[in-house]
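Line by line, the protein sequences are chains X and D. Using the numbering used here, read the first sequence as starting at 1 and increasing by one per residue. Using the numbering used here, read the second sequence as starting at 1 and increasing by one per residue.
Hints in this document: simulated from the structure, not taken from any laboratory. Where a beta carbon is used, it is the ideal one built from N, C-alpha and C, also for glycine. Heads up, some of the hints might be wrong.
Claimed, not checked - Covered by chain D, per the in silico footprint, the following chain X stretches (three or more residues, Cβ under 8 Å):
1. 153-166
2. 295-304
Stated by the list, open to error - Residues from chain X that keep clear of chain D, each with C-beta distances beyond 10 Å, as calculated:
3. Tyr-4
4. Val-33
5. His-137
6. Tyr-230
7. Met-248
8. Lys-273
9. Asn-274
10. Pro-278
11. Thr-322
12. Leu-323
13. Leu-333
As the list claims (entries may be wrong) - Computed Cβ-Cβ distance ranges for the label pairs, DEER-style:
14. Pro-65(D) with Gly-174(X): 41 to 47 Å
15. Gln-250(X) with Ile-145(D): 36 to 42 Å
16. Phe-346(X) with Val-153(D): 38 to 44 Å
17. Arg-7(X) with Asp-246(D): 26 to 32 Å
18. Ile-169(D) with Phe-346(X): 55 to 61 Å
The chain contents come next:
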Amino acid sequence: MTTYIIRRLLLLPITVTGVTLLIFAMMQVLSPVERSALYIRDIPKNDAQVERIIRQYGLDRPFIVQYWNWLVGTRDSETGQRVGGVLRGDLGYSRTGNQTVKELIAQRLPATVELALWSMVPIIGVGIWLGIQAAVHHNRLPDQAARVFAIIGYSFPTFVFGLLVLMLLYAKTGWFPPGRLSDWADVVVKSADFKRYTQINTLDALLNLRFDVFVDALRHLVLPTITLCYIQWALLLKITRSSMLEAMRQDYVRTARSKGLSERVVINRHVRKNALIPVATVGGLTVVGLLNGVVITETVFNYPGMGSALARAAASLDVVTTLGFVLFNATLLIVANLIVDILYAFLDPRVRYQ
Amino acid sequence: MTVEVTTAKPRPIQVGGYTLREPGRLERLLGPEWYRLLRGLVTNPLSVAGIVLLSGFVAIALAAPILAPPISPGADPYNIPRDGFSSEPKPPGVEWKRNVPPIPFWYKAVTGKDHWVHLFGTASGQFDIYYGIVWGTRTALRVGILVVLTTLVIGLVVGSLSGYYGGFIDDALQRITEIFMAFPFLLAALTLAAVLVPRMGRSIWPAVIALITFGWMTYARVIRGDILAVKERDFVMAARVLGARDSRILLHHVLPNAVFSTMVLASLDIGAIVLSFAALSFLGVGTDIGYADWGQLIAFARAYILNLDQYWYIVLFPGIALLLFGLAWNLVGDALRDILDPKLRGVRG
Chain X
1 MTTYIIRRLL
11 LLPITVTGVT
21 LLIFAMMQVL
31 SPVERSALYI
41 RDIPKNDAQV
51 ERIIRQYGLD
61 RPFIVQYWNW
71 LVGTRDSETG
81 QRVGGVLRGD
91 LGYSRTGNQT
101 VKELIAQRLP
111 ATVELALWSM
121 VPIIGVGIWL
131 GIQAAVHHNR
141 LPDQAARVFA
151 IIGYSFPTFV
161 FGLLVLMLLY
171 AKTGWFPPGR
181 LSDWADVVVK
191 SADFKRYTQI
201 NTLDALLNLR
211 FDVFVDALRH
221 LVLPTITLCY
231 IQWALLLKIT
241 RSSMLEAMRQ
251 DYVRTARSKG
261 LSERVVINRH
271 VRKNALIPVA
281 TVGGLTVVGL
291 LNGVVITETV
301 FNYPGMGSAL
311 ARAAASLDVV
321 TTLGFVLFNA
331 TLLIVANLIV
341 DILYAFLDPR
351 VRYQ
Chain D
1 MTVEVTTAKP
11 RPIQVGGYTL
21 REPGRLERLL
31 GPEWYRLLRG
41 LVTNPLSVAG
51 IVLLSGFVAI
61 ALAAPILAPP
71 ISPGADPYNI
81 PRDGFSSEPK
91 PPGVEWKRNV
101 PPIPFWYKAV
111 TGKDHWVHLF
121 GTASGQFDIY
131 YGIVWGTRTA
141 LRVGILVVLT
151 TLVIGLVVGS
161 LSGYYGGFID
171 DALQRITEIF
181 MAFPFLLAAL
191 TLAAVLVPRM
201 GRSIWPAVIA
211 LITFGWMTYA
221 RVIRGDILAV
231 KERDFVMAAR
241 VLGARDSRIL
251 LHHVLPNAVF
261 STMVLASLDI
271 GAIVLSFAAL
281 SFLGVGTDIG
291 YADWGQLIAF
301 ARAYILNLDQ
311 YWYIVLFPGI
321 ALLLFGLAWN
331 LVGDALRDIL
341 DPKLRGVRG
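Bound conformation, chain X alone (with noise of 0.2 Å):
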């Protein structure tokens, strides 16, 4: 197993190098004027003042000059101070956030993560379940419902369902509303006496015995934590589903039917234990769709998330917040392909003892 996750480590540098030319590629289709943004705040004002600023942070050089600087930084010749550096964790100056893109990406990462969190248990306990109820009950009536369910399910377009949500039980009925906060509750999240000890609202509020703004913050999260959650179980159930299907007719299941085991047994003890291992595999792919996913959602539910953040620097067009929030996103997912993999050699024998 060691060997094989050596081998998985060896091949990271190499991702993660190719993810970043990709990036500064799609970077190269700016003006050097426009791409100023990764070192400087302010809009230039005249010509002169945009030829000094291509000359002093090289933006006229080479390509591949341009992407070391975009990696570590640069000097800036009149200060002396370094500049930029994706390494060194700076993305540049975000125009739609009006501070840096680091920083915007520190304020609105807690907003998703409390998202992410509220809908992970439900997609995956739920999205499990649903499979194993389908692959169980084969062809019979609860096998059809899961599987018009699914095929409802990644037919839906996001906004379309978010949206629809959103007529029924807030709009006529007025239960869950949009946002993240009520008015009142974000008065009392940010006044001096509440600690934000997390920045996770429904955890900052139990820890400060707020119960009311407890009950506030999740009243905001219900909606776009059903949307989240029935895009994804399609996926889920569907994978469970086949998974068990395979397990179900292997030899090791039949010898023990043979032995005479209740069937409550085969499926719990021989059947569900080998099925859910390549559903593990899916934990990249449900990675994928959250951060996907919660870009959509944000939108629909205007919660403000890192995700509702890149969709408005993306249709203003402001490329370098844009570039800056999917370096971030495609480096949390290469650590969540990395563990999951890990994760898949602990889980399989066959790969453990490799």
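Mind docking chain D on chain X? Use the hints.
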């Protein structure tokens, strides 16, 4: 003397419990693979529903000039006609006052009115939603077919080079594929489209290019796997012994046997692609405002998320169009996957 003419059919031949039957005329015409596929599709009620829906969309796209005639023959039909400029959306049934299109022959018989009304209401800016949905069907099919064909060709080239030659080429292409796969698909496409819009202007193209750039990897991988499996078969060896060139072996022997199921399955990704395209439009990096495109129409609702009960028609009609479109492709796709899955071959029920 009379000649006896036998009209009786030959007795079916029995082999090991199976009955060998004469292939029918259709089966001979299509060949066994296509015949099995077609039979599987028309015997499954879900896929029949999908096929009916799909034919409906194709019919709407073809009949667009009759269903929703453009105002003047010279104008670009993809620009939705506007009934004024007011930002307040109007509900279905309100009379069309300015910029009224010619009345088609079916209109009076169906609606019983002799002047145009906004059948599905208008969005802010008085864009007619009905017109947008009808012509949006064309946009959806155009974008879907374009993106699927291009990504398939790229996937085919990369996958076959990778699978057939192996070695260094395979390693290099695999790493490149992995790099593209390291991005969350929609985010990457959103970004590339946002980069391209200032250069190319607003049209379907930035989003189409973005969807192609980040959409070919799965095909490349699957085709690579298909080719690896076929490459070792005897007929490929035979061709090589006969001295056929690499290109001939690849194009005439390996590809036709390797990619059948991949091509069929890929063609059904049109649904998913159109949903992604609509998502990009919804987020604002797609077509220009007023272009007949479903995602663009739904984007109008973003201004009214607090009172969607009042402006429900902006979401509902284009939303249903998108949902049914996705559903149609997925219904057919789901059935096809089962038919083509070798593990399920021969399994009934």
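Status of the stated non-contact between Leu-323(X) and chain D (beta carbon gap over 10 Å)
For Leu-323(X), whose nearest Cβ neighbour in chain D is about 6 Å away, the distance does not exceed 10 Å, so it is violated.
Would you assess whether Thr-322(X), listed as outside the interface, keeps its beta-carbon beyond 10 Å of every beta-carbon in chain D?
Not fine: 5 Å to the nearest Cβ puts Thr-322(X) too close to chain D.
Given coverage of the stretch 153-166 of chain X by chain D, tested with a Cβ cutoff of 8 Å and a minimum of 3 residues:
Since three or more residues must qualify, the claim that chain D covers the stretch 153-166 of chain X holds, with 10 doing so at under 8 Å.
Against the range 36 to 42 Å, how does the distance between the Cβ atoms of Gln-250(X) and Ile-145(D) compare: consistent or not?
holds (41 Å)
Status of Val-33(X), Cβ more than 10 Å from any chain D Cβ
Val-33(X) clear of chain D: closest Cβ-Cβ about 12 Å, beyond 10 Å.
Say whether it holds or is violated: Asn-274(X) keeps its Cβ farther than 10 Å from all Cβ of chain D.
Holds, because the least Cβ-Cβ distance between Asn-274(X) and chain D comes to about 16 Å, which exceeds 10 Å.
Please settle this one: Leu-333(X) was flagged as non-interface, so is its CB more than 10 Å from every CB on chain D?
violated (6 Å)
A range of 55 to 61 Å was offered for this pair. Does it hold for the Cβ distance of Ile-169(D) and Phe-346(X)?
With Cβ atoms ~33 Å apart, the hint is violated.
Are all C-beta atoms of chain D more than 10 Å from that of Tyr-4(X)?
At roughly 17 Å from the nearest Cβ of chain D, Tyr-4(X) sits farther out than 10 Å, so the non-interface label holds.
Please confirm whether Met-248(X) is truly not at the interface, meaning its C-beta sits more than 10 Å away from all C-beta atoms of chain D.
Met-248(X) clear of chain D: closest Cβ-Cβ about 12 Å, beyond 10 Å.
Is the nearest CB of chain D more than 10 Å from the CB of Lys-273(X)?
holds (21 Å)
Within 38 to 44 Å or not, the Cβ separation of Phe-346(X) and Val-153(D)?
Holds: the Cβ-Cβ distance is about 40 Å, inside 38 to 44 Å.
In this structure, the hints that do not hold are numbers 11, 12, 13, 18, in rising order.
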